[in-house]
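With the hints as extra help, turn the sequences into a complete structure.
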Amino acid sequence: MNYFQLFGLDSGFEVDTLKLSELYQALQKSVHPDRFAHASTQEQAMAVQKSAMINDAYQILKNPLQRAEYLLKIRGTEMPSEQSSFRDTGFLMQQMELRELIAEVKFSDDPESAYSDAEQTLNSQYQQLFDQLKQQLAQDNSESDTLACDNLRKLKFYQKLHLELDRLEEQIFED
Amino acid sequence: MAYSEKVIDHYENPRNVGSMDKSDPQVATGMVGAPACGDVMKLQLKISDSGIIEDAKFKTYGCGSAIASSSLVTEWVKGKSVDEAAEIKNTAIAEELALPPVKIHCSILAEDAIKAALEDYRSKHGE
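Residue numbers (this note's numbering), protein chains in the order written: chain A, 1 to 175; chain B, 1 to 127.
Please keep in mind that the hints were generated in silico from the structure rather than gathered at the bench. For glycine and all other residues, C-beta sits at the position ideal for the given N, C-alpha and C. Do not take every clue at face value.
No more than 30 Å apart at the CA atoms, straight line, and that leaves these computed lysine-lysine pairs for DSBU-like [as the list claims (entries may be wrong)]: (1) Lys156/A x Lys57/B; (2) Lys57/B x Lys106/A; (3) Lys106/A x Lys89/B; (4) Lys156/A x Lys22/B; (5) Lys46/B x Lys89/B; (6) Lys19/A x Lys62/A; (7) Lys156/A x Lys89/B.
Only part of the chain B face toward chain A is listed, based on derived beta-carbon distances under 8 Å [claimed, not checked]: (8) Met31; (9) Val32; (10) Gly33; (11) Ala36; (12) Trp76.
Right under this line is the structure:
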């Protein structure tokens with residue numbers, strides 16, 4: 001049983017997160033230790049195991065990028081190893097420019113507006129890739145899944161940029 | 001996590017940071033990235049007509065180990081022939097910097113940056 005089936009959902013990228021959290025609560029309730037107080041040791045152990053699985057599934061499904069990666073995996077498209085490096089020169093040049101943009105915010109005459117400009121640039125590029133990912137995953141064939149995989153790797157770079165931006169925000173707005 | 005002395009030295013005094021004109025026919029550029037940690041590494045080599053690496057520059061956004069790995073590589077490749085540079089292995093980089101297992105991917109990234117730059121060199125020279 002995969003994580004989508006565990007939650008009684010169709011295996012797809014689009015998930016109603018509110019519904020997901022309600023399903024999570026209901027599932028956890030069904031395996032709560034209180035309900036197994038008088039059950040056998042074996043049944044108790046199984047409930048604990050199931051509870052852990054429900055928890056793992058929820059953590060993956062509620063996060064869009066992890067959900068996409070999991071979906072690709074159950075469709076048979078494994079992501080390249082974390083160790084394998086990414087070689088799209090055009091994309092990496094753009095990443096370097098974004099890093100430079102973020103690094104320069106602090107030295108700008110008006111850091112606060114430079115910060116929000118950088119944030120906007122980052123968000124709009126992220127959104128564009130995210131929308132593409134959504135379309136690619138909806139097509140559900142091996143060709144589009146391969147493209148989705150590539151896109152997902154690009155989106156991971158933006159996760160790191162968002163962390164850098166958060167760190168910068170603390171520095172600029174601390175006083 | 002504790003960095004080795006060599007990593008700290010390269011991190012605090014990085015060698016050969018900078019950029020070269022990537023449209024210069026003698027300049028080969030290698031760009032690589034690691035999605036898992038978001039590191040981006042640019043390695044540029046100035047290669048003479050006889051195939052000797054005369055100069056090397058790098059720019060890396062990433063952790064201390066990634067910066068140290070690329071800084072070390074710029075020192076190592078200078079004066080080497082293209083073929084000799086292609087022989088540099090990530091294991092040698094990791095060993096020199098005493099990288100812990102979780103940082104081995106930084107040395108892999110640096111090796112891949114050399115490969116990417118040499119590919120750019122070959123494509124620029126129609127090989």
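Results for each hint:
{"no.": "1", "hint": "Lys156/A x Lys57/B", "verdict": "holds (26 Å)"}
{"no.": "2", "hint": "Lys57/B x Lys106/A", "verdict": "holds (25 Å)"}
{"no.": "3", "hint": "Lys106/A x Lys89/B", "verdict": "violated (38 Å)"}
{"no.": "4", "hint": "Lys156/A x Lys22/B", "verdict": "holds (27 Å)"}
{"no.": "5", "hint": "Lys46/B x Lys89/B", "verdict": "holds (20 Å)"}
{"no.": "6", "hint": "Lys19/A x Lys62/A", "verdict": "holds (11 Å)"}
{"no.": "7", "hint": "Lys156/A x Lys89/B", "verdict": "holds (27 Å)"}
{"no.": "8", "hint": "Met31", "verdict": "holds (4 Å)"}
{"no.": "9", "hint": "Val32", "verdict": "holds (4 Å)"}
{"no.": "10", "hint": "Gly33", "verdict": "holds (4 Å)"}
{"no.": "11", "hint": "Ala36", "verdict": "holds (4 Å)"}
{"no.": "12", "hint": "Trp76", "verdict": "violated (19 Å)"}
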